[in-house]
Structure formats: C-alpha cells, structure tokens
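> Chain by chain, the residues run as shown.
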Amino acid sequence: MNTEEITPQIQKQLNFSALLLKKHSNEVDLESWFGFNPMNEWHIKSAKRLLKYYGIHSGLHLRSALFEYETGMRVSAPFEKLAASLRLDTTSSFETKYNALNNVTQEHQYTLAWKYRFSLKDQKLKGYELAKYVFLMRLGGILNYMEFEEISLRLSDVEALLKNTFDSWGAFHRNVCIGDEFINGRGEQDLSSYPGILTLWECYQRMHINYPHWFKEW
Amino acid sequence: MNNASASALFNDRILPKLDLSDLETAEQQALLQVLQLMNAEDSPSYLELKENLGNQAITPDFSAALSQQIYQHPEIYADEAQGFDWVASWLPLLKNGFFPDEQHTEKLLEFLYFGLAFLQSEKISEERQAQVFEVLSVLIHSQSEASLPVARFLLHRAFDLRDYQTSHFLVQQCLSFKLLTETYFAKDENEVLQEFPFRINAIFVEHFYTGSWELLLESIHQVLPVSIPGKPGAYEVLKPWLSEELASFYAANEDWAIHAHQRLVERVLFTEDESFEYLNLHTAAGKYPLITAFAEKEWDESDVLLFSLKDKNIPLAQTEAGFYKLQDWLLANKGTNFNREAFDNYGKAVFAVNSARELPVKSISLWFEMCNAAQKNLRQKAYFNEVFSHLLTDWQTKKMPVMSKDGNAFQVTGMYVLTHVLGELTSLKDGLPAYQASGLADPLNQFLLLCLYDFRSNLKEQISEERNAVLYDYLISIAYSARETKPYLRETGVQLCVEILTTVYKHTQTFAQVNEIASLKNLHSSVVAQCEDFAKFHYVNDETDLTPQIIQNWYLFLNEYYYSLGKEFLWVDAVLKSQGARLAAYFNAEEKGSFPDEILYRLYKFLKMCSKGSDSYSELGSIGSAIATHISHVLHDLKPEKLSKNVVKILYDYINGPEINAFHQMQLENEILPFYAYYFQEEKTTKTLSEEEDAALEEERIDDDVEEEETAKEPAAIAFDSETPLSKEVLEQVIVGLSNYQNSGIASSVYQTFLAKNKAELKALLEEDTALKMNMYQVLYLLIIDLEAAPGSAYEAYGNLGRSLFVTLVKGSSMALSYTQGLEMMAASGAYPEKLTQALQHVVTDLNA
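Just so you know, the protein sequences line up as chains A and B, in that order. So the first sequence is numbered by our numbering: it starts at 1 and just counts up by one. So the second sequence is numbered by our numbering: it starts at 219 and just counts up by one.
I should point out that these hints are in silico values taken from the structure, not numbers from a laboratory. Predicted, not measured: the structure shown is a model, and the values here were computed from it. Glycine included, each C-beta is placed from N, C-alpha and C at the ideal position. Be aware that a few hints might be false.
What the hints assert, rightly or not - Here are some of the chain A residues that sit facing chain B, going by a computed Cβ distance under 8 Å:
1) Ser58
2) Leu60
3) Glu149
4) Leu153
Stated by the list, open to error - Derived pair list, reagent style DSSO-like, types lysine-lysine, alpha-carbon separation capped at 30 Å:
5) B:Lys823 with A:Lys81
6) A:Lys163 with B:Lys867
7) B:Lys724 with A:Lys52
8) B:Lys599 with A:Lys52
9) A:Lys52 with B:Lys594
10) B:Lys830 with A:Lys124
11) A:Lys45 with B:Lys599
12) A:Lys121 with B:Lys826
13) A:Lys52 with B:Lys785
14) B:Lys704 with A:Lys48
Go ahead and model the full structure; you've got the sequences and the hints to work with.
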C-alpha cells in the first residue's frame, strides 16, 4: 500500500503535520505517508482510536472534518469571535471580564485570545487548522478513507494556502502551538504523572535536533 | 442326590398316605403316571395300580381329589428344608400337567411367605433354589389355577420394599427365571382359565391390584428409584409391562405424572438410569403424558434434567410448553442457572437441534437475553450464539428462519420479532444502542438486521421520531463495523443496512443523512449503484423542488468531488451535466441576492483549479469540462442582471485570459458575452455605436443568438489585397470577417490568398500576442465545426479554408492536444452529419500526423 513515492515536495507538505503527529505518538515515522505503520497492528489500533476520537468513521466524515478545518469553522472562527470581542477592551475592562469567568477552559482561552488579539488578526489559527488537516488526512489514509492521489492533490492546495498565510516555518509552527493550546488547554509539562507525553513546544525542539535539514527553507 | 432325596420324601411321607380306594380308573391312570414320574415304580401302590389297570388305554384324569392327595401335605412344610425339597420335586409332575389346585396353592404361598428367608439363606443349595424357581416359573406360565396367585405373590413380594433384601432377591430371580413376563393364566367370569399378557391394563390391575390404578402406581413409583447402579432392578421387571393404557392413566391424572417425575429423577440420581421407556410413555393417540406434564409445574433443576431425557421424536407441539418452561428457568435468577451442572450435563441436550424449525419461536427472546451486550458471561454467549446460529442459515439470501409455533412450521417475520418477541423484552430505543457496540460480528445484530430488513417497508410508520434517530445511528454504525468482519458477513450485512436505510429514510429531509447513506458505497462494491441512486434521488431529482439548501449542497460537494478526483459524490457529475438550465430558471424566477454570484464564482474557482491540475491528474480534465459545460448551461439561460458586475468581469477576464483551456473557452465565450455586454458594452456603445445599433443591443439581452451578428458589423471592411501588410489590426479584421463569414460578403479565396502570402508574418504575429492567437484559433475552430460550412453546404469553401489554416497553425502548438480532444469528442458525439464528422476526423488525423 505504501508504494507511492514520497518526493521531497510531498515530504515537505507532510511535514506540516509533523508536530501534531509527534505529539500523539512518539513512535511515528515522520518520513512515511501516514506516520503510523499500516503493517503494524498496534499502530493501526492507535490510528483507529484517534480517528474515533475525532468522530471520523468514513471518508465522508474525514472530508467533512477537513472542510471544517479548511474553512476555519472549527478553530479560527471561535478564536476570532473571542478575539474580536476583546479588541476594544482596555486592560482593566478585560480583567473585569476575565474575573467574571468561572471555568478554567474559558479563562485559558480568554488569556490566549487577549494575548494574540491583534497579532493573529489575519492569520487567525489557520496554521494549526491546516496542520490538523494534514494530520487527519494522514490518519485517514491508513484506513484507506482517502487515496494517495487525493491526499497529494489536497496537500499541494494546503501548501499554497499556507504559503499565502505564513512566511516561515517558525511562524507556522508558532501558530500550530498556539492553536493547540487554544483548543487543548495549556500543555504543562508534568513528567511525573505523564512520563513520555511531550508538550508541543518540546516536540518542536526535539524535531529540530532530529531533522536539522527540515524547517529551514519555507 | 437331590432327586433321590425328593423321591425319598415322596416315598416316605406321601406314598403311605395314598388312598386308592375312592379313585376312579381315569384317576388311577393319572396316579400311575405320577408314581412313574416320582420314581416310585417299586412301591406297593404302584404295583397295585398296575395290576388294577392292566393294559387298558385310559385317558388319565388328574382330578381335584387326586391333586389333594398328591399335594395337600401341610405337615411337610413344617420343616423348611423339607418343604423346599418337596416343592422342588414337583417339576416332573408339573411338566406333565399335574398342577396343584387353588386350595393348595394358598398353602404353598403361605409356606413360601414364611420360607423366603430360608430360601435366600445359605442353608439351601443353589441347585435346590433354582429348582424351586423353576417350579414357580412353570406354575405361572402354565394353564393352572396356581398361575395368577403365584404371580401375584411374587409381584407383591418383589415390589415390597419393607423387606428390601427379599425384594431385591426376588427381583433378581424374576429376571433370571423370566417369572413375571409374557403371559399368566387366570379364570374368567365363566371360571375358565384364560391366558393374559403381563401388560398394564384394566384386567392386569384387576388381577394384581384389586382394580385400583392408584395402588398399582404407588407400588411402581416406590420401586422405580430402587436398584443397584449398573445392575437391573425392579424397573427391568416392569419395563415389559408398560403400555398405552398406563400412559392414558397418566394423561388423565396429571398429579400422578408429576409424582412420577419425582421418582424418575430419583432414579436417575440413585441408579444412573435414564428410564427412557417410562419417561416417554405414550398413549394410543400419540400423547406423551409425562412430557406434557412439564408444562404445568414450577420448574427446578430436576425438571431440566428429566426434560432433557425426552425422546427426540416427540412432536414439537407437546414439547414446546416444556421448552418455554426451561427457558423461564434459564432466565430466572438473573440467568445464573446457566452455570448449574444440571444445565451443563442435561439441559444442553434440549438445545441440540438440527435446524431453526425445531426451536419454538419465542426462544428468540432467550437468545436476546442471554447474548446481549450487557452479558459478560462469554461462555454463555458463545453457547447460545451457537445454538441460535440456525436462525441465520439463510443469511445470504436475506431470509428469516422458519421456526416452530405450537408445533407447526412458522415463518418468522421481522414484524413478529420486533413487536411480539422483543416488544416486551426491550424497546428499540433503549435496546439498540446497547447492541450497536458489538457490531456486525455479533450474531444478534445479524439477526436484528434481518428483522429490520424484513420489516423495512413498514418500519417508518412504526417508529417515533426519537427512535428514528436511534435506528439510524444503529444502522450506520453496524454498516461501518462490517468493514472488520468476514467477507460473507460484510457483503450481506452492508447490503441489508443500505437496503433498510434507503427504504426507511427514502424521503429524509436531512442532507447529512443523505450524504452518510450515500457514502456507504465504499463499504462494498455491491451497494455502489444503490447508494448513488439514493443520493441522486435527493440531489438530482426533477420531481422535487429546488431549495437553497440543495443548491448549496451541490456546490459544497463540488469541493469533495474535485478533491476525490471524481471518485466520491458522483451525483455531482449529474448536477453539472443536467441541472444548469434548471438552476438558471430557479434564479430567474426568484430574487436570490448574491447567491448566483457565489455559485458562479465557486464554479469559476474550480474550473481554474481543474485546468491547472489537469496536467498531473487526468481526471481533473474531465471534471473541468463538466464544470465548463455546467457554467455554459447556467449562463445560457440566466438573465444578465442576476449576476453582479464583479463576477461578470472575473468570468469575462478569465475566459479571455491565457489560462483557460481552449475548449472551455469555446464553450463559454458566447455565453458570457451577453453578460459582459449588459454591464460593459453599454457604456462603450454610447460612445461608438449609433442609436440604431444600441437598439439592436437591447434585443441581444433577450435573444443572445443575434449577438454574434451584431458585433460583427463593427469593423469597416479592409481590402485584403497583396499590398496590405499584415498587422495586428488587419488580423483582427480577418478574425471578425471569418467569424461573420455569412454576412461579410467576402469570398473565402480572398482570405486564403491573403493569409497564404503572409504566412510567415501571421505566425510571428500570433506568437507575439497570445490573446490574438486564441481568438484566431477559436474562430477557425468554430468554422470547422460549423454546420453551414460543412462539406457539401453553401459555405464549404470557408470550411475548407478553416480546416487547412487550422491544421497549419495549431499543429505542433501547445493547444493542439486540447483541440484534438475537443474535435474527437465532437466527431464521436454523433451530433453532426456524416460528411462533417469525416471532415472533423480528417482534421484530427492531420493534427496528429
């Protein structure tokens, strides 16, 4: 199944999801189509579990999810809604709003939206969304929800979109990390209780060591 | 020695008492034989008799009086050893038909009664013992008055458990000497000895139990459980007596039948014998009273045990009630009875059937109870799934099983199962999500699918809105789970799911459902067509009215259609090919704001992407063509004011720009012009055109066919003579002239000579200006496919010019391929007359050459 050749071009496009893939499992092979090995029963199991977690049971669900990430419905829209509502606030009026919250997730999202309310006005969380887009596509490919041709066609469009939005790997990856934090909460490192689970930032650092040639040329 | 002692006894004790005086000759004759038999030939009596009778041939008569003289010697019985010696010595007499009379039989039985202990003791030799029982056997089986009393005595003693040892001893003797078998003799009402069989019936009861069936049964029930394991006992004695009359008595007296159950269970437990014949007693009418009696009682383990020992051939109608009792028993105590030994060792036999036909229909609920998702006992699940796998033998033909109901064959239907069997057990709403988790691999889900499938046409009406959603989730989830099952399961399972879904949700208003059902096509190749038809029915159906939602979906899924390279959402293709005019009509009829703009912009975007990607993915070429066709259909009918100026500009620029594929351009150009004219040329015309032509432009909007003609009037005629140098302006004139050849009044030869002369310049000019080149190609192309310029028609010369020039210019250029494809399509379409088709093919050949 893994017959299609990965050209440097495609490898680069696949690397949009490298960070997220690495976060979900340290075992993945970033230099393969799917990250997970379709010959390995345990890898297939974890891929299935992940897909189930994301509510993807078929090609239809996968494509709907991709559509929602591509159009920003999933992440950018709620972020932008929140950020827009904070743009006119002063520090003190923000604090009043913040103190009125009584739920950790919301507090966290408010903090992030406040922090990036201006800097991410254009990019929003597109980087994170498209990283997720590529990530889900790779997962779906394992179960044959999508064929190579479609994946590579979509990959090249993702690349074009990202190239229009970001100007470097650094900017892109920062966006991925912020997006991940916005959705999943602060990834605080707590190796004592979850050994082996890395924060996205940490994955990012390690990846630079393991793949020094990647992430240089945008 | 025994014989000697017996004859000694006869000689010493009886001979002296013989009184010959009252005997008649016939009796004397009989006595003579007696003496001979007893070896008393040298006794004085014998000699005397011999003398009296001489050699007369007289029939001997063993009369009652003589019998008295021979047998009636109670004093001998005073000593037990002597008594038995004496009885044993009778054998020769009895064999000769000289039986003791009734009176003496009583004495004999009295002696036996008290002598039984001695008879079993070691004080008597085995040989003598055997002789005694031989005598008794002859007495019973001979036509004598002694027959019935002796038989009755033995029967009562053998069945009398108060003296177990004697009873056991007698039972063994009965068996080894076949004492209580076959027939016995008794006097009928006329005092005549008749032969009767040892079989339980009214006469037997009369003879042995003073006519009381109750006494008989009490006695039988008492001895049933008694014997030594592995050895024959009283049951073997009475087994040959079992009869249809006994069964009839049980049938009429259920209490006794239930009492018999008790005894038979004890028998199984104590003697390890299954009493098959007794349990399966049946009446002449074929009723099995001991089996049917199971229906009427509270069950416990012992009933499970006995019921499982029933004859397999008993009609199902009679075992059904018992089966349901067993089912109740299994379901009691939260199903823990399954783990009891009684079920393991015995109950399972009841479920060892060869087909669904042998299982009563309501046992389905047992299956659902025992194997549902909440059950954690895997051994139990595996067992019942195996038992009920018979219900799924017709899985591949999608048929419900035939089961048994009141013993008759009963075709199970989905309706019956869902309303009668499961209705009480578990409602669809609460039950289904629980079953969902185990997927299609679970036989219960396979059966549920069959039921739902069978019931599918009425399912919609039967379920509420809330359950509707549950059912939908269930079916979709089962269908997906089929991916992980064996091929035979998968194929039929997916077919069933799709069949049910497309029936029940045929008119669903939820497009998410439509999409989800349609996407099941990827689960198995056999459902592809059905899924696609379903989607088409919802999306491309001229019968239903268009709604904004449908239209939105059309173009949303264009995205997926594009990315999947036309492999998913195939109905989008049908939309593109057939729905353009309909969409235009819809927009024309109603005010939809910017909706038409959005759609055309989206179409434009995808057309652009297709053209760009068609080099790497050939599928995108045909998708692009379909989109272009669609745009042309929409634009052809759409009123110009429905599109905004911006979108018209974008489309116009694109169509006239360098990026577009020539074939698409050809298709679209004429369609976009009226829109362009509506917004832009109006301004232009006020400056350059006369009032008159302005009016003509007004008409255009209504009839865009006229448009081509009108614009063609614009240029002033230029003389194409040898003096004229070829410039851009001149070439534009040529193009306009060629596109308007019918009205220009210029002969084709004018162009031909002019262009032939300036061939080199022409090529150079075209290379410089791409837009001009495209226009040139396009006008020639239109000429080639123009019916009016076809071979044999009025403007044939123009056609020839177009063809030769087209080949010269286009051949070898980057556009050659797409034009070739376009022409091939045209030629293959069959829309053109034969001559033109041939001409087109000729051009293709020339281009490819």
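> State for each hint whether it applies.
Comparing the hints with the structure gives:
1. Ser58: holds, 6 Å
2. Leu60: holds, 4 Å
3. Glu149: This hint holds: Glu149 (chain A) lies near chain B, its Cβ roughly 6 Å from the closest one there, short of 8 Å.
4. Leu153: holds, 6 Å
5. B:Lys823 with A:Lys81: holds, 28 Å
6. A:Lys163 with B:Lys867: Distance ~27 Å between Lys163 (chain A) and Lys867 (chain B) Cα, so the pair holds.
7. B:Lys724 with A:Lys52: holds, 28 Å
8. B:Lys599 with A:Lys52: holds, 27 Å
9. A:Lys52 with B:Lys594: Measuring from Cα to Cα gives roughly 24 Å; hence the hint holds.
10. B:Lys830 with A:Lys124: Roughly 28 Å separates the two Cα atoms, so the pair holds.
11. A:Lys45 with B:Lys599: Answer holds: Lys45 (chain A) to Lys599 (chain B) is near 26 Å, not above 30 Å.
12. A:Lys121 with B:Lys826: Satisfied, since the Cα-Cα distance of roughly 29 Å is no more than 30 Å.
13. A:Lys52 with B:Lys785: Since the Cα atoms of Lys52 (chain A) and Lys785 (chain B) sit roughly 24 Å apart, the hinted pair holds (cutoff 30 Å).
14. B:Lys704 with A:Lys48: Distance of about 19 Å is within 30 Å: holds.
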